[in-house]
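Undergrad: Residue numbers (the working numbering), protein chains in the order written: chain Z, 1310 to 1784; chain C, 289 to 739.
Some clues are possibly wrong.
[As the list claims (entries may be wrong)] When the alpha-carbon atoms are kept at most 25 Å apart in a straight line, the in silico DSS-like pairs for lysine-lysine are as follows: (1) C:472 x Z:1582; (2) Z:1353 x C:353; (3) C:367 x Z:1387; (4) C:418 x Z:1405; (5) Z:1398 x C:418; (6) Z:1719 x Z:1553; (7) C:548 x Z:1349; (8) C:503 x Z:1405; (9) C:418 x Z:1407; (10) Z:1437 x C:370.
To be clear, the hints were calculated from the coordinates, so they are not data collected in a lab. Just so it is clear, the structure is predicted and the values come from calculations on it, not from any experiment.
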Amino acid sequence: MTLSTYASMNYALKFGERFNVDLIEVRGEDISHTTIFSEKMNLKDIRVFRRVGIGIRAYNNGATGYSFTTWLSKKSIKVMVQNAVKAAKVAGSFAKLKLKPAMYDPIQCKHSLNVKKHPINVEFEEKKEMLHRGERSAMGEGVDVATTQARYGEACGHKYFLNSESADISREVLLVSMGVTVVLKRGDVLTNARDWHGGSLGLEVFRDEYAPERLGQNAAKWAAEKLEGKKPPAGRFRALIDNKLVGVMAHESFGHLSEYDFIMTGGSPLSGKLNQKLGSEYATIIDEGVVNNALYPGFTLPFDDEGVKTRRVTLLNQGVLENYLHLRGTAGAVNVEPTGNGRAVDFRFEPICRMRNTYFPPGDLTVEEGLELLKDGVYVCNTSGGQVGLDGTFLFKAMCGYWVEGGEPKYAFRDVAIRGHIFDFLQNVIGRCKDLKLHSSYFGGCGKGGQSPLPVGIGGPHLLLKEATFGGEQG
Amino acid sequence: MIMIDLDNLISLAERVVKKAEVYGAEEAEAYISWTRSINSSIQGGLINLSEGETAGLGVRVVLGKRVGFAAVSSIDEQKVFKAAHEAIKVARIRPADSNFLHLPDPVKRSSKSGYFDDKLLTLTGSDLMKKTSIIVKEAGDISQQITFVYGGIGVSVNQFAVANSRGINIGDSGTGIGGGIYCKAVEGSEERTGYESISSRRLFDFSGIGEIAAKRAVNSLGAKRLEVTKRLPVLFDNYTSSIFLSLLSYGLSARAVQEKRSALSDKLGEKIAWKNLTVIDDSWMSDGLNTVKYDAEGVPTTVKTVIEKGVLKNYLHNSYTALQEGKSSTGNAARGGEGYLQIPGISPINYLILPGSKSLDDLISTIDEGILVRYSLMGVGHSNFISGDFSVVASNAFYIKNKTVVHPLRPIMIAGNVYNALKEVEVGSDLRLSFIGKTPSVLVPNLTCTP
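For reference, chain C alone in the conformation it holds in the complex (with noise of 0.2 Å):
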């Protein structure tokens, strides 16, 4: 794959800055991304096979306490500097906002960029269409249970940069690589389904991924009901522990805090967790398939402490709810997929929790009678961010009656609310590194069930 040069983007981005300020703005920030990929599937017999790049522009401007923003999919000088002109007009129009104090002055600290694995440059097309038939066929190999195989291999090299009129000129780069594998396996009228994927910022060699998603599918089929609806110990694998992360990050933007949305409000210093949980956003560990260098304000990252031994100990920050409280901020700003086209929001770059002492069998050990909630679930975007209340649905969970697994259950719904849960958790040893960062098995001792 060809690389862009990054100090060509910065000095594009400075460009914009300067224009816009001819243009009439007081201040302005151009966030510029540049990805090339190739994604090869293989879904039933069908072939698809893309390789291209995509770059972009997002450009805000200050003028007073407006706030405007517009984007173009593309680093074409003529349309990016329209798009300068753009952003000036939508803040014209745009209601001030009493509480914008100014963009991110540049600070001067130390962080550090994710591994970058030159060697993923070199794969090709074929190389990933060979790969996934590999995966594709072991799938289909495990069993005549398996009717249905959809697989695929996706690599990409990104890179991004940052300029502002307060003299922020930086960028970074990335490589990344995933395989993901979905089956289904049916026996009689029964069907089930299994998956297993795998990221990583280096060359990863994902032969048996196949093999182990059939395995999952045909594993899951002899399902049994739950018989009632009951409040039980829920056991979560190192795949679906991640729901309790995706809910508390609402709770943890300061955003939220500030506008009183968060039920974390007013709760810095207090016990909000199991005595021995901690919780760290780890922005720079080298294979985090989220380390970057600089946040998506241009503000260096930060490793921080959000909860230690159950103690809530910081808020996560951009530069706008940090300016609100005279902070720095802690480099959290995000924009999230196709970042050109949004307005930094606040994210966290990689969670880390900090493994307990117990494998996933020493916790199923210590249940009586309970749910093993296994790799995947439905429903957590459908939860209610601000209570954190969840409802969601697990399509692969079995049942565990005296400290084994007995038997797979059919698709149950488990209820709860993350933090009453985080209260009561106990935490495993195996940590599994995913887009939420590293994360182990969580066991909650009590959470209604329904079959």
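With the rest of the complex left out, here is chain Z (with noise of 0.2 Å):
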């Protein structure tokens, strides 16, 4: 005899709540995912499942210990809640650094996502024909297309939230997103080149310049100027860089160094540096959970994992480092108000700190002053990889990018690549557009401690540099 996920949770705090803990709370989750791939207009694999289970956490004496099943049996629910407290006691025994969960006001709520078109009330066929619409405009005439791809994933459901002090949430999972890639082959030359979007959003989402034409568009403009594209030079110039890739630096290296379990165990190189100034007075790094949906179409979060109501964090104010993202134990350690960065990939695992959208604020350029103010040097644009230091060292390949000269593109890169560190990118920071713009992507969530992926909002305006260093992968 299994019971429903909400009864097994109700279940699993009032068996908890007999045991000496200091704090018990327990979440559980029923998400049906569901993935397209098509290549070459030829579905290529379909894809659904269902994640449904639930996790157990208990404070003991600044530690916590974690449990989860995915087996809703009331017997098993017993073992899970014991195992989680006996974990809290030994972890309790050999903590150095002491855990305090934050006060706050535990919520009940019920909290659901207004979209016009839900994914769950559209047909399979109308999905596979935004992949084929997307895949149609890449392939345009056809010249030079080695292979076209396009994929679709969605993950819909519910997280729930419950824990000893009365908090009481359910809250909608929603993430859509697709994708269109085309390759381009003339003689040896290879090239590639993408555009996506998604959020937490219904299907309307996908128009205008979102619409699966407006991304195949994209993805066969920017590889093909690749095709023609040049080696690019190596060195340090001005620069503009895009939404995307300003998303993903904002993200990749500097999100992560402010993520407080960094800050108090491995040396994030801005552990002791709150309230020094960092950047130039254009360098404001903002995390929040909740951004103006209509406004700016992505990623949404009202609540944590650890039953917090996200707040917004302004980690980086022109230039100045203010805040650090929390977890509600570290939070209360630090005697801070709580953040609401604690979140679990799903229940197999306890929430550690992790970031929600992360981004520059827009600023007040128009992307065309943008380029005039940049006047001579590079303009960078999406990114294909890269990779991070914890000392704050990166390196971003571009998917695409421009020299520009007088203001005006004057030719396309094959591949560039920026490198740094990212103190040296603060202060370089002299100027922001007013194009802010998010994305969420199903398939390319963030990934920290075993667990992966997780969506996070990305994105921003275009940002100008007074100064970066570009090269190839060695440059």
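Join these two chains into a complex; the hints should help.
TA: Below, the structure is given as structure tokens:
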């Protein structure tokens, strides 16, 4: 005999409250996933799976113990609760750094997202057609096209949270995304490019600038420019960085360094730098759970996986480091307000410190003005991978890039990489454009501590840099 | 840790198959896996201790030439039957695969399970936490230069069952324990890392691995820059030599061969490697970390020679590729991590490279100028698996001059091609057990090394 997800969580909480521990939290989820992959207009793969399970965390003496199960019977739930309590007691006796759950007002709430065209109400055929529309437009006249690919992913369902302080939260989980990739071949030269969009949104988002046709056209245009592309100059130049690449840089090379677990244990280069000026007056970085979806359609997270309402956190304010990102347990330990950054990829894991939407806020320039101010330099867009060091060093391969002279793009590069140190980068920001855009992908979330892919929102406005280092991969 | 009854899993798999047939499937297969694990870690003073179980089902159904698949992280009867229904819906909308013949038939041949250690079932979170704190402490005690230590130990027991409508109904169980530790050593502005990990099917005492990892970090301090880019002999130790097998696996997959994506297509019976190189896929080695009696489609596993004295002898098959050639599967169907979420692909079970006669030191003493690469490589996954071209970063590399290891190097990039390298490799005698199998050190006479 098994229980429903919510009933089994209540059973776990009631049973857990019999034990003498400081706090009990129970999480549950029931989320269905669908992915569709098409190549050269052929449906290659369709996958559906459903993840259902619950987990319980006990706090004791400054440490936590965690346990989880997919088997929602009373017997199995009791074993799970006992294991979490035992684990908390053991962990408490070993912990050198003590956690303390910050005080907060327990929330009772049922949260759902307001979207027009919910993917669960849309037939498979229409989703398939979206991919084919994207591929058809990526194919264009078919000149030099080696292959086209398109993929769609969705996660729909609910996450639940209960704790022994009377929090009781049910929230809708929704993430949809689609992308189109095109590979071109001319002689021995192969180039590829991809455009995508997604977020906690209905399928109505895939229109206008995010219509499948537009995604396909963009990918085709970028890949074609790269076919004609030249070798990039190596060295230091003025730079304009587009929305997607700025977003990845803010997340990967700054955001992670501000996560408090890393501040507490790993010697992040941001440790001990609170209230210090690390960047220019234009270097402002926000991490936020709920961004205005009407203006910036993207990822939405109203509550984290510790039952904390997600707060807007200004990490960097005009160059000054003002805040770190916290777990409830680290916020309490250093006596700051919890930020709502405790997140777990699914019920098999304890929440760890993670970002939500991380971005530079919009500035006052148009992109045209950004190009004019760039005058002579490098314009880089999007990314196809990179590496970041925990010391603040980074290297990102841009997906495409251009040499600009007198504010006019002159020619494209075949491949270009930007590298350097995050502090140097922040000090060189000399302008932000107005065009903030945020995105989230079903396929490419964030990875940390074995928990991947966690959905996050990335993006930003175009950012103008006085100087940045460019080069090939070994630049 | 509490076990679940394997026979119950097998009978549940059979009921799902029956149900799928009732729903309209012409053929059906159910794969169920169950894992219970305890994991402990200490990250610079922060403790993590968790214990739990996951179970799940993946169901494959056939309608004509259309194959549908759906999965659920549950073994609750209602939910798994619903997944069977979903799989049929998926099959209806999938395009037909004209090459698909049928699911595997039961195969009568003997095969072997790996060692199952009951002692691992008695370990508690407290036991693991104590062991973890010992290795973390010993690492920190090595030197004041050690500024950060992250260590952990995990134990797991797993079972899986497969049933299909052609009469397969089998299962197998396994145990595993693993410990790993990562240290950072700092001197002035120089920062180096050291790492050690050990995995085993049976109870293992991890004490000492913290000390090993810490010494590796400290001994990597004082690194110098390789002066210029040059082609040099590179000696991969028995940790890093697995890169060659990782890349080779792609080419050995019969699926890649049949779809002409493999550099080893049409090379059966040809010499592709050094004359003394023999590689076996040994699915039955008792201590092998992937050893299993049946593969992910319920076909008994086998022991097969892949390369014998440099000559390519066998590709690796699952039932799909074997049926294309009218052969029987080699028992290499695999579903990867969280297996129930995946459709069976193709993977080796445990590679065994037959050892040579020279130790690591013997091999070093054959090198006038070269590089010793140890412990870990970054970027293997970014290689070109079709062509075999790789470009990887070695964080713990050492410079060899006049048959002696002279000093540590700053991270270097090493580039080459696996199929060219295999023709010239020489293998050592020092087999090490890992998730790829058992591999010795490997010397490649000529690779591009970039500072």
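Undergrad: If a hint holds in the structure, say so; if it doesn't, say that too.
TA: Now the hints, each set against the structure:
The straight-line distance between the Cα atoms of residue 472 (chain C) and residue 1582 (chain Z) is roughly 21 Å, inside the 25 Å bound, and the hint therefore holds. Only pairs whose Cα atoms come within 25 Å are accepted, and residue 1353 (chain Z) paired with residue 353 (chain C) is accepted, the gap being roughly 14 Å. Of the supplied pair hints, the one linking residue 367 (chain C) and residue 1387 (chain Z) holds, its CA atoms being roughly 21 Å apart against a limit of 25 Å. Between residue 418 (chain C) and residue 1405 (chain Z) the alpha-carbon distance is near 14 Å, which keeps this suggested pair within the 25 Å criterion.
Taken as a hint, the residue 1398 (chain Z) and residue 418 (chain C) pair is honoured in the structure, with Cα atoms around 13 Å apart against an allowance of 25 Å. Proposed proximity of residue 1719 (chain Z) and residue 1553 (chain Z) is supported: the alpha carbons are some 22 Å apart, at most 25 Å. Distance restraint check for residue 548 (chain C) and residue 1349 (chain Z): the Cα-Cα separation of roughly 18 Å lies within the 25 Å cut-off, and the hinted pair is therefore satisfied. As the CA atoms of residue 503 (chain C) and residue 1405 (chain Z) are separated by approximately 24 Å, the hinted pair is consistent with the 25 Å bound.
Taking the CA atoms of residue 418 (chain C) and residue 1407 (chain Z), the gap is about 18 Å. The hint holds against a cut of 25 Å. Between residue 1437 (chain Z) and residue 370 (chain C) the CA atoms are separated by roughly 23 Å; this keeps the pair inside 25 Å, and the hint holds.
Every hint, counting from the list given before, is met by this structure.
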